[in-house]
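Below are the chains, spelled out letter by letter.
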Amino acid sequence: DAGVIQSPRHEVTEMGQEVTLRCKPISGHDYLFWYRQTMMRGLELLIYFNNNVPIDDSGMPEDRFSAKMPNASFSTLKIQPSEPRDSAVYFCASRPQQGIPSSGANVLTFGAGSRLTVL
Amino acid sequence: GESVGLHLPTLSVQEGDNSIINCAYSNSASDYFIWYKQESGKGPQFIIDIRSNMDKRQGQRVTVLLNKTVKHLSLQIAATQPGDSAVYFCAEKANYGGSQGNLIFGKGTKLSVKP
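Heads up: the sequence lines are chains C and P, in that order.
The first sequence runs 1 to 119 under my numbering.
The second sequence runs 1 to 115 under my numbering.
With the rest of the complex left out, here is chain C (with noise of 0.2 angstroms):
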């Protein structure tokens, strides 16, 4: 397996643009998580999914985003209108089932992100 794959790596826009961030999750995976990282918040949980379906979306900042899971294949994050203050990489992470703890099921796997710069 490629593991959990994210584009673009890198994305440089204006203040005000659309931005879309895309994922594509380990196969069989059940959960998929968006995740923003900033040297000052560290790691923030934004929404995650299972099966396809938004489960907590509290902690999307506010409504210019939103994300999207249309299968199991695929998941978006949308930024609209972007700020210079979403500069950010944002990963986003699967696994499967939560199953017995130490069992594996509960390790996250992470993309290796997306670098968002907003100027």
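No wet-lab data here; the hints were simulated from the structure.
Here a beta-carbon is modelled for each residue, glycine too, at the ideal position from N, C-alpha and C.
Errors might be hidden in some of the hints.
Just so you have them, the derived chain C footprint on chain P, three or more residues with Cβ under 8 angstroms [to be verified]:
#, segment
1, 18-31
2, 37-49
List of simulated lysine to any residue pairs, SDA-like, C-alpha gap at most 20 angstroms [stated by the list, open to error]:
#, chain 1, residue 1, chain 2, residue 2
3, P, 42, C, 40
4, P, 42, C, 10
5, P, 42, C, 5
6, P, 42, C, 109
7, P, 110, C, 112
8, P, 110, P, 81
9, P, 110, C, 39
10, C, 24, P, 107
11, P, 42, C, 41
12, P, 107, C, 39
13, P, 107, C, 60
14, C, 78, C, 50
Given chain C's structure and the hints, the job is docking chain P onto it.
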């Protein structure tokens, strides 16, 4: 990775020495813990995990210790190598509120290995 920066606790060790990275977790009800390693420009990678019914678990060159009394977790790396230079995160599995079953990450510690 972008998490590396001036705001992170930093541990500097000599190559060949042992490293100990510490982490305090937040909730006594958490029953599972993971250590991740994040190298520059990459996503976090799983290192080792431990259940709350254990106080020690060993892997290859790494050992995780869990002290539930003081809600403290540590990662020990034996014979630290330059390739171990990275940011290390502990994570706990939440069993409360809307985040049941999800991981909550600490702020991270930057490990720097001097040759």
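Hint-by-hint comparison with the structure:
1. As drawn, the segment 18-31 of chain P meets chain C at 1 residues by the rule of a beta-carbon pair under 8 angstroms; below three, the given contact is violated.
2. Counting residues of the segment 37-49 of chain P whose CB lies closer than 8 angstroms to any CB of chain C gives 7, which reaches the minimum of 3, so the coverage claim holds.
3. For the given pair, residue 42/P sits about 18 angstroms from residue 40/C by alpha-carbon distance, which is consistent with the 20 angstroms threshold.
4. At most 20 angstroms may separate the alpha-carbon atoms for a hinted pair to count; residue 42/P and residue 10/C meet this at roughly 12 angstroms.
5. Pair hint residue 42/P plus residue 5/C holds up; C-alpha atoms about 12 angstroms apart against a cutoff of 20 angstroms.
6. Simply put, residue 42/P and residue 109/C have alpha-carbon atoms about 12 angstroms apart, close enough for the 20 angstroms limit, and the pair holds.
7. For the given pair, residue 110/P sits about 18 angstroms from residue 112/C by alpha-carbon distance, which is consistent with the 20 angstroms threshold.
8. This hinted pair checks out: residue 110/P and residue 81/P have alpha carbons roughly 14 angstroms apart, not beyond 20 angstroms.
9. Distance hint between residue 110/P and residue 39/C is fulfilled; the C-alpha atoms sit about 12 angstroms from each other, no more than 20 angstroms.
10. A C-alpha spacing of about 26 angstroms is found between residue 24/C and residue 107/P, which places the hinted pair above 20 angstroms, so the restraint is violated.
11. At roughly 18 angstroms between alpha-carbon atoms, residue 42/P and residue 41/C fall within 20 angstroms of each other, so this suggested pair holds.
12. Distance restraint check for residue 107/P and residue 39/C: the Cα-Cα separation of roughly 9 angstroms lies within the 20 angstroms cut-off, and the hinted pair is therefore satisfied.
13. This hinted pair checks out: residue 107/P and residue 60/C have alpha carbons roughly 19 angstroms apart, not beyond 20 angstroms.
14. Of the supplied pair hints, the one linking residue 78/C and residue 50/C holds, its CA atoms being roughly 19 angstroms apart against a limit of 20 angstroms.
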